[in-house]
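Take these sequences, add in the hints, and give me the full structure.
There are 2 protein chains.
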Amino acid sequence: MKKSIAIDMDGVIADTETQFINWYERDYGVRIKPTEIIGLKEDEMFPDKTAVRKFAFTPGFFRTLPVMQGAVESVKALMESFEVYIVSAAMEFPQSLPEKAEWLKEHFPFIDWRHIVFCGDKSIINTDYMIDDHVKNLDYFNGTTIIFHAFHNINFNHHQRVSNWEEVLVLMEKERYL
Amino acid sequence: MKKSIAIDMDGVIADTETQFINWYERDYGVRIKPTEIIGLKEDEMFPDKTAVRKFAFTPGFFRTLPVMQGAVESVKALMESFEVYIVSAAMEFPQSLPEKAEWLKEHFPFIDWRHIVFCGDKSIINTDYMIDDHVKNLDYFNGTTIIFHAFHNINFNHHQRVSNWEEVLVLMEKERYL
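Chains A and B supply the protein sequences, listed in that same order.
Heads up, this note's numbering is the position in the first sequence plus 41, with the first residue counted as 1.
Heads up, this note's numbering is the position in the second sequence plus 41, with the first residue counted as 1.
Heads up, a few of these hints could be off.
When chains are identical, the list treats them as one kind, so a pair holds in a single copy or across two.
[Unchecked claim] DMTMM-like mimics (lysine to aspartate or glutamate), calculated; alpha carbons at most 20 angstroms apart, straight line:
no., residue 1, residue 2
1, K146, D162
2, K44, E121
3, K95, E140
These are calculated hints, taken from the structure and not from any lab test.
Here it is as C-alpha cells:
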C-alpha cells in the first residue's frame with residue numbers, strides 16, 4: 042500500500058506571501074521586500090497589522106493565488122509513489138471554501154475530490170507524512186513532519202525543513218524506499 | 042484527555058431523507074413513503090434515478106436541510122464529555138461547502154470552526170469514534186464505529202447500530218466511562 046502525504050495549500054502549493062505583498066502594495070502604496078519580513082508572524086508582516094486578515098476575508102483572495110513554483114509538477118510526481126491528500130485549514134474563512142475548490146480544479150485538475158480535505162485544526166488528520174508551513178499544524182501530527190520554508194517559520198527548527206518543491210522531491214525520493 | 046468523535050452531517054444531524062422526499066413530491070408530484078424505500082440505495086430511492094444527484098447539486102439543497110430530531114441537544118450534551126468533530130464528505134458537491142458552513146452556523150452555533158471538517162473520503166480521519174450512516178465511511182475507520190439508522194443501510198449489520206439520537210446518548214453515556 043502506498044504511504045500517504047497530507048499537503049497544505051497556503052504557503053506550500055499556493056503562494057500566499059506573494060499575493061499578500063502584491064495586495065498590500067495595491068491598497069497601501071507600499072511594497073514590502075521579502076527580506077524585511079523574515080522571522081515575523083504572518084499577521085505582523087505589514088505596518089498595518091489588520092491587512093492580512095482583511096485580505097484573507099476578501100472574496101477573490103484565495104481564488105487568485107499564484108501557484109507556488111514547482112508545485113504542480115512535484116505533486117504530480119509524488120502521486121506516482123504516494124497517496125496524496127490536499128489538506129487545508131480553510132474553515133476559519135468560509136468564503137474561501139468554494140474558491141479553494143475551484144483553484145484546485147484549475148491548477149491541480151489531476152487531484153480527485155476524494156483526496157481533498159478542508160478542516161479547522163489538523164489534529165484529526167491521519168497520514169504518514171505532513172508537509173506544512175505552520176508549526177501549529179505539524180506539532181500535533183503523529184506521522185513524519187516536513188516544514189515548508191516560509192518567512193514566518195524560519196525560527197522553528199524542530200521539524201525536517203525543505204526550502205522549495207525541488208527539495209521535497211529529493212527528500213521524498215529517499216522516503217519511498219523506507 | 043477527552044475522547045474524540047467524528048459526527049457525520051447528512052443523514053445524521055441533517056435530515057436528507059425528508060428533504061429528498063419533499064423535493065421529489067414538489068418536482069415530480071409523487072410522494073414516496075419512507076416505508077417504500079427501506080433497503081434501497083440512496084440513488085435508487087425514487088422512480089427517476091437521476092433525481093437524488095440532481096437535488097444534491099442544486100443550490101439551496103444543503104442550506105435548507107431540516108435538522109435531525111434531537112441532534113442539537115444531543116451534540117451539545119456529547120460535547121461535555123467528548124471532543125466533537127463534524128466531519129462531512131462534502132467535496133463531491135463543491136456548491137455545498139459554504140451552504141454547509143452556514144447551516145452549521147445557524148443550527149449548531151456552539152461548534153467551533155476548528156472542529157469542522159469537509160472532506161472527500163474519510164479514510165484519513167483519526168478520531169476515537171465515528172457516527173455515520175454510510176458503511177463506506179465506517180468500514181475504513183480505525184476507531185469505534187457507530188452506524189446511524191437510515192433506509193439505505195438497514196441491511197448492513199457489521200457496525201454497532203443506533204436508531205436515533207436518544208440511542209446515541211445512551212450508548213455514549215456508557216462509553217465515557219471506558
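Exercise. What are the numbers of the hints that this structure violates, sorted from low to high?
Worked result: Of the numbered hints, all hold.
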